[in-house]
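This is what each chain is made of:
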Amino acid sequence: MAAGPGRVFPFRDARWAPDPVLEPGAAVRTPQPVPLVIDNGSFQTRAGWAAPGAAEPLLRFRSLAARSRGARGAAGAETQVGNDLGSPEPLRWLLRSPFDRDVPVQLELQELLFDHVFQRLGVSSQGCVDHPIILTEAVCNPLYSRQMISELLFECYQVPKVSYGVDSLYSFYHNKRQNWPCSGLIISSGYQCTHVLPVLEGRLDAKNCKRINLGGCQAAVYLQRLLQLKYPGHFAAITLSRMEEILHEHSYIGEDYIEELQKWRSPEYYENNVHKMQLPFSNKLLGSTLTSEEKQERRQQQLRRLQELNARRREEKLQLDQERLDRLLYVQTPELDPLGSEQSLEDVDSINEFEPLFAEEQPEVEKPVAAVQPVFNLAEYHQLFLGTERIRAPEIVFQPSLIGEEQAGIAETMQYVLDRYSKEQQNVLVQNVFLTGGNAMYPGLKARIQKELLEMRPFQSSFQVHLASSPILDAWYGARDWALEYMNREEGWITRKDYEEKGGEYLKEHCASNVYVPIRLPKQAPRTTEALASSKVLAASVSNSSDQV
Amino acid sequence: MDSTEQTKLVKLRGAGGGIGGAGTCEVFPPPPPHRGRGWRRARPGRHQSIGGEAMNENKFLSTDPGTGPMEAAKPLPFKDPNFMHSGIGGAAAGKKNRTWKNLKQILASERALPWQLNDPSYFNIDAPPSFKPAKKYSDISGLPANYTDPQSKLRFSTIEEFAYIRMLPSDVVTGTQCG
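Those protein sequences? They're chains B and F, same order as listed.
Straight run, no breaks: the first sequence in this note's numbering ends on number 549.
Straight run, no breaks: the second sequence in this note's numbering ends on number 1179.
In case anyone wonders, no lab produced these hints; they're calculated from the structure.
Quick caveat, the model's predicted, so the values are computed rather than measured.
There could be a bad hint or two in this list.
[Unchecked claim] Pair by pair, the computed Cβ-Cβ distance ranges are:
no., chain 1, residue 1, chain 2, residue 2, range
1, F, ASN1118, B, GLY86, 45 to 55 Å
2, F, LEU1117, B, MET456, 19 to 29 Å
3, F, LYS1104, B, ARG298, 45 to 55 Å
4, B, GLU23, F, LEU1117, 48 to 58 Å
5, F, LYS1104, B, LEU484, 35 to 45 Å
6, F, GLN1116, B, LEU22, 43 to 53 Å
7, F, ALA1112, B, TYR516, 15 to 25 Å
[Unchecked claim] The calculated DSS-like cross-link candidates involving lysine-lysine, where the alpha carbons are at most 27 Å apart (straight line), are:
no., chain 1, residue 1, chain 2, residue 2
8, B, LYS451, F, LYS1132
9, B, LYS446, B, LYS263
10, F, LYS1136, B, LYS451
Glycine included, each C-beta is placed from N, C-alpha and C at the ideal position.
Working from the sequences, and respecting the hints, build out all of it.
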């Protein structure tokens, strides 16, 4: 029985519905191919057409693929991508992601994700993907990664032109309040990392941005560890998907962390605010640790044994007494009647002797039974009580020392970044502090950032904090807005010719892109037998030329 | 070049898994003839070494070289079927290195590039370590903790937590200590 207002919540354990193969209308190809916007995130990939009426990305799926080995003798390994997986838990150990932190490194898996996107969106052009592509990349993306992605897009899919941008900047672009270009300080918290990005006059000031390597993924792992240590009996039931569900729906960020914790000290507050997550019933209980339920079992067994022993002893005693009674009766009845009354008196006495004994036995039998009443509530055993865990897990981006990370938290990093600017520029930046990203959706984040700013800014100076209108999807919306505006212009697009002349790591800057640092990478040549010799020559010559640059 | 490759392949077939004669071939058995054209993809890491061999073999077997990501399914129409990533192991890596570089390796090689002092790069923008001392929280409840158990080094804030710590089995203690 849930005590008081502390609520019991079930786990939804939602399954993902596979994406159908969509049929795009003819408008996608005529009068000219419509750009395809792909927000390539480490948590989720969002993709859709950049059409003026597009309300939402048509595809949203987790950036995961699993290569499950088919049964022996079957067609071989089967690859499932994104929503086709159904549920991540049974295949948890086979799940692979192309991302390492927020950078794609496993390009074959990235190819699988692109295949999935193009196929489900209904790309029908033969031999090439005939649409311009807008793709998001990490802040200050390593040149090698961009080179590999460009190679994949231009060589494998024969895309006509590509534009790379940063998801937080697209989100900022989408949420612009006054006229563009504007300035602001973007705090973008994603699945793997959290960025503090100063934007001046519409352009990212890349040399002053900072990245904290903590995000939703680390929060989920931390929460999983906390709960597994608290409930060692439910080790297997505490899965990462359920942790993500708890983070999305039951966690919040305290405005003042220490104060919130003090509130949780009082048992009343705890009872009113604890969220009890109901796990599905499972028969097996871990035998290794002595849970309280096991102790009850043992006690019951011992009591049963004692009862049996007592019962046997009583039987024996009864038997002895019965024999005695028989003897007395026997002695009494066949013989001397005049002695009958005496004997009967004796009998009555002896019988009376027995009565109190019988009377005594009864209550003794009652008492142990009363103590054995199960105090153990089966439903409560299968509940996870979330008290301070609700605020501890999201707190790691503010205090990385909670999980042993040395980096500074958001507040200290914001201060570090602001200190690199003049007073006027600092003022300009804090007038537009912008929060975006999936990990920024905790209730209470905005209040917390405001409190941190109040502490670090000069007395009675002003600042403004805004949250993105839709922190997860705004990056896609911003990219789509950018695509619609720049579709027919040259700026910001890397054409195939640019790729061939300037290499895969080339980047054309635009209002939502990284800063391009003109360093040439040696081209990684494909390792066919013929190309090997020539690639060595090529690498040597390119490295010579880059030395001269 | 082609014919010598092919004769070598024939010899391999005959030997049933002998070591390839060509200098770049790795020591692994040739594809069994009944496997489909998707065999290359089944061992993703080995693209590079067998690239040449497989291409020739495809001509030899006269199967169409379209390889989609799905093993026995039809290839996707919008892809170039002969595409191969050049990045596996990188051009400079030897035959041994067939896996993709992870982020650490990529960053290590990026550091070697000629950056200027103020250029932004992925490793430059890491947030600095914190200058403020870390606050101590209880390992059990998360409340601010002033006390540490000398035996297990776990932090606690109330007497009940201390009793609980002393009752814990050792594996739970070790797990909590990693925090």
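Hint check results:
1. For the pair ASN1118 (chain F) and GLY86 (chain B), the supplied restraint of 45 to 55 Å holds, since their beta-carbon distance comes to about 49 Å.
2. Checked against the hint of 19 to 29 Å, the C-beta distance between LEU1117 (chain F) and MET456 (chain B) comes to roughly 28 Å, which is consistent with it.
3. Checked against the hint of 45 to 55 Å, the C-beta distance between LYS1104 (chain F) and ARG298 (chain B) comes to roughly 51 Å, which is consistent with it.
4. Separated by about 53 Å at the C-beta atoms, GLU23 (chain B) and LEU1117 (chain F) satisfy the suggested range of 48 to 58 Å.
5. Between LYS1104 (chain F) and LEU484 (chain B), the C-beta spacing of about 39 Å keeps the proposed range 35 to 45 Å intact.
6. Taken as a hint, the range 43 to 53 Å holds for the pair GLN1116 (chain F) and LEU22 (chain B), whose Cβ atoms sit roughly 46 Å apart.
7. ALA1112 (chain F) and TYR516 (chain B) have their C-beta atoms about 19 Å apart, which keeps the hinted 15 to 25 Å range intact.
8. For a cut-off of 27 Å, the pair hint linking LYS451 (chain B) to LYS1132 (chain F) stands: about 18 Å separates their Cα positions.
9. Of the pairs offered as hints, the one joining LYS446 (chain B) and LYS263 (chain B) holds, with about 20 Å between alpha carbons and a cut-off of 27 Å not exceeded.
10. Distance hint between LYS1136 (chain F) and LYS451 (chain B) is fulfilled; the C-alpha atoms sit about 21 Å from each other, no more than 27 Å.
Hint check: no violations occur; every hint is consistent with the structure.
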